[in-house]
Amino acid sequence: MVLWRKQEEFQAGTNFKAWAFTVCRFQVMAFIRDRKRRPLDVLTVELLESFAADAEEAALEYEPRLRALKECRKELTEKSLRLLDLHYRDRMPLESVGKATGLSANGVKQALFRARRALQVCIENKTPGYL
Amino acid sequence: MNRIDLSAEKLDFIENSMLTLREGLATPELVAELRDILHADREARKFWLFTNQMDSHLQTGFEEDTAVRPPGPPARTRPRPAAVWLGALGAAALLTLGFFIARKNGSETPVPSAAAPMATVISQAGSGILGSRGEPVRTLGLGNYSLSEGLSRIGFENGTRLVLEGPVEFAILGKDSVSLTTGKVWAYCPSAAHVFSIVTPSGKKITDLGTEFGVEVRPDGDTEVHVLEGAVRLTDQGTEDLDVFAGKSIRWRAGSSGTEEGGADYGKFREPPDLVQSRLAASREKTRARNDLLVYFDFSEKAGDVVSNRVEGAPSSSNGRILGAGRDAGRSRAHPALRFNGYGDAVAFTIPGYANPGEFTIAMWVKIERMDTALITLLNSDGWETGDLHFQLTRNGALRAGIFGDQDYNTADGVVTPGQWHLLAVTWGHQGREPVLFCDGKRLNHGYSSNSGDGSLIKPGPSEPGESQIGSWAKPTLPDQRDLLGWVDEVMVFRGSLGQSEMSELFRMGRP
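These protein sequence lines map, in sequence, to chains W and A.
Each residue of the first sequence is one higher than the one before, starting from 0 at the first, in numbering that gives the first Met the number 0.
Each residue of the second sequence is one higher than the one before, starting from 0 at the first, in numbering that gives the first Met the number 0.
In isolation and in its complexed conformation, chain W is listed as follows:
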């Protein structure tokens, strides 16, 4: 909506993605600045500034990473995939995942760590040059 409202500010011939990202970043910063700060909010306006360059790059790498992740999931065991699906896709807390799979909450946590690490390494290997 904001991009639509601001479309007249975009100069033809310049980098549309960079312009759009800048608009988005300022909107997010304004949101963080204006709302009531809560103790468990990780990102502050100052921290967001230090993220800016890398976040833009990361956002533009969304699709290759998604493709890589889809491939990397195939290399995981059935058990790891199930744990990831229950925790992330179905948003089940660790304890509930444990009940569903017969593992302790700590066992689920360790297994998720291992699965996530395997995915991170695999994605790195499949998408060279951006990290």
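Be aware that one or more of the hints could be misleading.
Pairs of lysine-lysine residues, derived as DSSO-like cross-links and limited to a Cα-Cα distance of at most 27 Å, are as follows [to be verified]:
(1) W/K78 to A/K301
(2) A/K441 to A/K247
(3) A/K45 to W/K73
(4) W/K69 to A/K45
(5) A/K9 to A/K45
(6) A/K301 to W/K73
(7) A/K267 to A/K204
(8) A/K285 to W/K98
(9) W/K98 to A/K174
(10) A/K247 to W/K98
(11) A/K247 to A/K204
(12) W/K125 to W/K73
(13) A/K267 to W/K98
(14) A/K9 to W/K125
(15) A/K285 to W/K73
(16) W/K73 to W/K98
Treat the hints as calculated values from the structure; they're not laboratory data.
Dock chain A against the given chain W, drawing on the hints supplied.
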């Protein structure tokens, strides 16, 4: 080679922080320390971005792969460039807005506006959910919705999942409440920490107490609630609250304040196939982890004539030898079942000794194709001498169990329906001679059938059944051949006698 140039300590800290934030268990101190690390270390920020993006993908990026798809042209696997780009910004925005903010911060949650999303469509097959103006929706705010046919699964922030079976009309009343005007809804509420309720047209409210349950409101207003797991509380103005537990149902007529109790119908509410498969996989994992099993055949081998006893440390003699049965589709897409085609088709194995002689349970998932012989063997000792056990069906669909030297007992006819998966089970406890027979998690009444053998069995319960057979059975000195025509999916032999609640649990978890 690892290109994340970050110390293992920081990497572990960030990973641990992310999981703790997701769980809603983070402290202000942990968040402050995380901020400090992110401020000071660019590699930490890059890793944080990378892993947040991965989590975003894990959370939302695979719905296309897992969703139940309606018939028709295949779903597009490559999103449009614009969608990708907006998704990228969306992921970045989610990240920068700190979507890992503790979900348990309920007191700071603003009152929702009608447009604020309360639930999201996770998957659907059929017509899809429509809003009050007939528009297709993927996110659901406060308001009225309908589904004319097929199944839709929607998810709420607190983890509750609803499966709506069209035709259904319903309204979202809030982040933890819906009203059902007409149709069927199956609800899965994984955490007792969150309360979810369904309001019916008669004003009765069903509140979950850590539950899996289904509600049907018929067009005439008659309503049924079936509790499949846990318990629900039924609240109605002017009457006392009523708690209904797993395995039970409650129903009432439109305009009547009285209610009627009965048993839960586990086949009444359709689950999406992927949920069924997840539940079956969890059931197998749970069974395999038990420490009271003597034998567990899950038939997961895709080929060969040996089926492994999955009990850890079990002797190799307890593995099964396939004497003629073939592999075929079973309840689970991941594992085949064994198909028994009658004469000679059997699996031979040895039941290892008992730690507690006399107490014993056999449970097996079976689908019968036809009942052609007077008796149909499920699991029998390979002989018929004192202490040997027989667990069989009659031609008329009754369950029958006996131990040579004692008596045989039959249930009523028609317990088993051909073409339908059943969990059939028998237990012998040390308190009495008579077996207890179960079908689909329910204890059945039985009657004396006949004397078995010479009455020489003195101690109650079976002695050592030893060599046994699943499937067709014959003894040269007996005139009859006992064939099994059908499928066997899992076989469990437990040390000790399982009770009603354990049997119900086995059935609930393993039902197809």
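Verification of the supplied hints:
1. W/K78 to A/K301: holds (18 Å)
2. A/K441 to A/K247: Holds. A/K441 to A/K247 sits at ~12 Å (cutoff 27 Å).
3. A/K45 to W/K73: holds (25 Å)
4. W/K69 to A/K45: Holds: W/K69 and A/K45 sit about 21 Å apart, inside 27 Å.
5. A/K9 to A/K45: holds (12 Å)
6. A/K301 to W/K73: holds (20 Å)
7. A/K267 to A/K204: holds (20 Å)
8. A/K285 to W/K98: holds (9 Å)
9. W/K98 to A/K174: holds (24 Å)
10. A/K247 to W/K98: holds (22 Å)
11. A/K247 to A/K204: holds (17 Å)
12. W/K125 to W/K73: holds (13 Å)
13. A/K267 to W/K98: holds (25 Å)
14. A/K9 to W/K125: Since the Cα atoms of A/K9 and W/K125 sit roughly 24 Å apart, the hinted pair holds (cutoff 27 Å).
15. A/K285 to W/K73: Holds, because 24 Å separates the two Cα atoms, which is no more than 27 Å.
16. W/K73 to W/K98: Holds, at about 25 Å.
Checked against the numbered hints above, the structure breaks none of them.
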